[in-house]
Amino acid sequence: MTRDFVPLDLSRADPSPAGECAAKERGSTWWRSLDELAQTPEFEEYLHREFPENADAWLKGSRRDFLKLMAASFALAGLTGCDVRQPQEKIVPTVKLARHQEPGKSEYFTTAMELSGVASGLVVKTQSGRPIKVEGNRKHPSSRGATSIFAQAATLDLYDPDRLTTVQHRGAIVSPEEFRQEMAALRQLCDASQGEGLRFLLRQTTSPTVHRLLNEVQQRWPQSRWYVYDPVCTDAVADGMRLAFGDDAVSLHPVYHFDQASVVLSIDCDFLAARERPLNEIADFVSVRRIAGRQSEEGSVTTPSMVKLFHLESSPTLTGAKADQRLIAGPEVMLSVLTAVAKKLEAIDATIETAGDLVTDAQTAWVDKVVSDLKSAADRRSAVVAVGTSQPPDIHALAHAMNVKLGAVGQTVEFLASPLLRTNAGAQSDAAGLSALVDEMAQGSVQTLVILDGNPAFDAPADVDFAQALMRVSQSIALASSENESTRMCEWVVPQSHFLESWGDVRSVDGIASIVQPLIEPLYDSMSIVELLSTLLALDSDGYATVRQTWRDPLASDDFDTAWESALQRGVVDEPPTDTGDVTLVSNLSERLNAVTKDRSTSDGWTVLFRPDPTVWDGRYANNGWLQELPKPLSKLTWDNTAWISPQDARSEGLSNGDVVTLADGLREIQVPVWIMPGQASGCLTLFFGYGQAAIGRVGSGTGANVFPLRTSDELWTRTGIKLTGTGKTESLACTQHHHLMEGRHLARAGTLAEYEDNPEHPTFVYPPEPDVEANFYEEWSYEGHKWGMTIDLTACTGCSACVIACQSENNIPVVGKDEVCRNREMHWIRVDTWFEGEGDEPAQTLHQPVPCMHCEQAPCEVVCPVAATNHSEEGLNQMVYNRCVGTRYCSNNCPYKVRRFNFLEFADSFISSDSLTLLSNPDVTVREQGVMEKCTYCVQRIESARINAHLENREIADGEIVTACQSVCPAQAIRFGDLNDEHSRVRETHDHPLNYGLLANLNTCPRTTYLAEVKNR
Amino acid sequence: MTATTQQHDRFDDLIPAEATYESVTAEVADIVLERPVKRGWLVGMFIGFVLLNVLLVSIGWLFAIGVGVWGINVPIAWGFAIVNFVWWIGIGHAGTLISAILFLLHQEWRTSINRFAEAMTLFAVACAGLYPLLHLGRPKFFYWLVPYPATTGVWPQFRSPLMWDFLAVSTYGTVSLLFWYLGMVPDLATLRDRTVGKWKARAFGLMALGWRNSASHWQHYQRAYLLLAALATPLVVSVHTTVSWDFSTGIVPAWHSTVFPPYFVGGAIFCGFAMVLVIAIPLRHFYDLKGLITDYHIDCMAKVMLAAGLSVSYGYTMDAWGAWYKNEPFDSYIYTNRFSGPYAGVYWGLIVCNCLIPQLLWFPKVRRHPLALFGIALAINVGMWLERFVIISISLHRDYMPSTWEMYYPTVWDWSLYAGTFGIFVSLLFLFLRLLPAISMAEVRELVHQREEEQT
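Chains as they are written, first to last, in the numbering used here: chain A, 30 to 1047; chain B, 655 to 1110.
Quick caveat, the hints were computed from the structure, so don't treat them as lab data. Treat each hint with caution, since some may be false.
[As the list claims (entries may be wrong)] Simulated coverage check for chain A against chain B, where a stretch passes if three residues somewhere in it have a Cβ under 8 angstroms from a Cβ of chain B:
| # | segment |
| --- | --- |
| 1 | 478–492 |
| 2 | 848–854 |
| 3 | 911–920 |
[To be verified] The following label-pair restraints were derived from C-beta to C-beta distances:
| # | chain 1 | residue 1 | chain 2 | residue 2 | range |
| --- | --- | --- | --- | --- | --- |
| 4 | B | P803 | A | F806 | 27 to 37 angstroms |
| 5 | A | L770 | B | L1010 | 50 to 60 angstroms |
| 6 | B | W975 | A | A873 | 52 to 62 angstroms |
For every residue, glycine included, the Cβ atom is placed at its ideal position computed from N, Cα and C.
The whole structure should be built from the sequences, with the hints applied where relevant.
What follows is the structure, given as structure tokens:
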């Protein structure tokens, strides 16, 4: 028997609480009244009941009833959305001032985030008060509209159900008020003792407000100290500055301007990886690199000059993959090579003792090429030598000397004041500071330790036994976003607000400040660093007021509020630019370098390089499923870290992928699976830290291996003398691409600049000999109106994979987990293929090729679907009708590009496993159920939204109005999308370029997504 | 030699010399009506029943969790389900071929094997028919493949070979059932008349559709049977041709081939006859039917198998030759991969089973040696399964973009569903042997009659 069920109808269910909720919407204090309303028992019950009354009827009901019920629960989900509130302070949307929210309408707000002390500006889309998609802020100088993978994944972090939600004291949940009382007690204690034994430990940060508050703490309690430690620390940069330019220069740091360069020598400087380095470096580099599509970028049609990139590295990087001439060498050889280059450039005098001699002809030849190209570029002051943070100080100093010699300073490289907060305890470096702090802690002289974000018990160098020392601290307070090794040992644990729910500020590497604007009230009883410090100081504990206070003086205009609003609206604070630091090389550089080089001991055994993991970074993103499942560049591994080993070393050790080895330094040992990486320097292993956490959450705990036990504070990035022994065990690793050779197929096409200039109208490498396209019986469909198309410039693409995460976030793509990735069931709609060319050990060429759906005009997938679930729009979109799909999967078999993804299991539901994650989904995109095929839609929801807007304004859709998620995020601007029927569209320019080709086009699929062949400047 | 002796020899091979109307009827009908349930039958039925339960559990788990319980992935989106589908449907070819085509060609040796061959066909089609339904991501919507006037106004997509396949298999299943049932009507009447039990008589009576053995009945019967045979004949060829279109209309390198239809039909006959032998040899042994299923019968079937095997080998050769002749990287790589890739063992296994072992059938001694023939027939069934695995899954595992190349590892649920369909097959077969006349009494009696006429 079926019972009549009344679906929840917000307009009709009067006088239900929901009706009242809607009715009060017009009032200005709507949110507050919802608060009041929420106090009523009936509303409480209404909110917390999972299903409406009579919900159990479905067990006895029909399918129709069930569907009605589903509709009702969606409505309720919307109601839960009412509980998500935007901050009560006035936050300013970037596009227009909205006095009230329109339901279903997206709003965009600027904010900013930082990663290991590098800031980027963001624009975040919110819907019904919940942030759902992160984009880059075009007005921000270092993001320029692009973002890194970490920014893209920020929304998932925000809604992570494993976040800390309550204040805990000795493991017991206490009220935030109790913590405030504790802070007040601490304040009184410190007032009495001048802050004796009060220590703060922070991660690298650039926040002016945090800086200001710490200074206030210092002034009030002179005996207190703060320390900064970040596993991805920039000590070597500072030390390099000191070595080359003297002690005064230590507060400066080099900022590169690749757009001014014609020759770049990069020494393991992975500026194309789009991780922690400023993203504008990619945009700058690509602006002088790209061949096709310059007209619309620059308005010039002349044959473009092309920057040449030399790269020296021990372990493959994305920048190395892009390089025109890459030299692979172990760390010691790198020093020799660089010294040889510097000597030949006469950047240093010949008295310097080379660490070693060049051993191979390839090295000598490479050095000669580098020197001659740098010299010729030096005439135009367009040469630059860039160094990665993980390189030792002497290499930084050598590079500085070369840049000075090449006339790069002030042109392609500038020395600006570093915005980073540094340890104030008089230590030479952050790592030394941490050691000093731990010594103090071990002696018992630290009374109160406040860990403001970070997990030092996990990520401190192994010789610094932070965890042990923490036991001796009488009062420890940890502010952390999730449970971790450190919070487990701290007396007080305070949940940290996400940057999307708290006020703050950051500074980019070139000193430009942005306000971190919250888009949502904190979901839990959490605090930001700013709030905790101001609570401690008994200032206004409100983050908003504190941050505004910081900017009151710098923005000393007549109308602070206007200036503030403008800063929020643009996402950038209007300040005079940072002064360029004045630097001169020390006179005794050679002696100094000799001294450093001599100190370096060499020992037998393996050299181990430490790098942050490319997706979970130093471990802070280990509980982020999107990042865990993002294939790591080059290796295409997910969910695990490995030790990279060169193919020749693997052969001699008898190791294959996934074999677990023990690495030991005599004191400690770790076990980690190896991964054979072509292009890895022989004798070197690369370890990626960040994995192997015990407590971070359900997603990240227990994944990968902890490699910190081998990292020591004096050898943070490179360790020598490590012993490797096999264990005989093998671990299964989830890799999304096993085969990196093109097997003679012309998939990713590449040629040299010379080849291109030889025949710019018909470059031979773009049109390889291929069988003819078979003739077509049918008349071609003429696409009238719009004809959407996409081009992907392989010259620009660096393989950073930001597009993959952007797509995942935009299109509600589920995470499937390691086991399912092992079964090749990952769901990414766009993947980045990595191809190696040449001999396996040292690939002559590495190419990256993002592969989304090609939206073939003659789509093989469409004809084989028995139920017409995939079909073609009249604008050329290959569409997927999810609720028509029965799941025969023939379309996937018949797709030559294999871009279709199938919901083999109930992926979406198991990913959206908790209430907070339901807030994450983009409401404009259907969540797909089990048994349904899905794939790239060209972000059809964005096309439609642009169409609606244009229609409302009674105009045509403008070129560039539709930006797909992958296109928007791309730091290299490699992706263009638009109307191919529009002769003046940006996509048409690249589509008609001679470098343009269709992937597997000889199958007569007529792909709408096409590629621009990669051109290298060899 | 005179014509009479030749005639005499012909019947000698088909029926025992002493066979009379009565003896033929008794021999077949007693299995159903008189003989007690033997332990062998119980064991066989028990195995079938256990496997049937394995099937139910496998389907239950599949519906509860989804097709992800199998080893399929992207790019190998079709695994055991489709391999088994094609394999079963291939097996389901022999019956109708024997009944319809051989009937039209007046091959009298078909008479004593056609009934259970047809039954086997039906059971195999039943097994096969499960898979396309079960392999769907959302099996609850399988009916969207049916061209019915839905209120949504959406029709199936008639360009899809899966649509054609759906129609071909369902048509084939229906016609095979009708053909089998129609052929059985006179025998059902015989059983009705011979049985003593009231309920048995009623049941057989219902099924016999009021058959009274009158001349006009026979006249209508013969005409209908002939018509159905004529109708079933093109279906034998069309169903596997359509199944082959599932692949050959695709763009996957090893699928896109014009040789597929004949080569698939050849393969189906090959493996169908192998399955008939796998059943016939034990059947005539355990039920002592050597008089009705003679050495001559199995010799004939072996010859058909040999011919079909040669056509299949020809198909393999032409396929490989075509791939080489096209001089195109994708197709030629498919064969490089088959010869020496990770699944090379499967490919060479199929060559041994389908091309080399059947060459033994050139020897008459082997053809008339039941045990050897049984072994060869089993090998062919295995080989044909491997062939479908090679064509379907191995072609998918390395197609156009090497970046997407992956491996396929069947899971326990892949195997259990396969084993489970044997449960249907075995259970139905054993029930059929117990409850219905396994050999056409009417047709064999007709042979006896013909012999008498010719002798007099």
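List of violated hint numbers, smallest to largest: Structure breaks hints 1, 5, 6.
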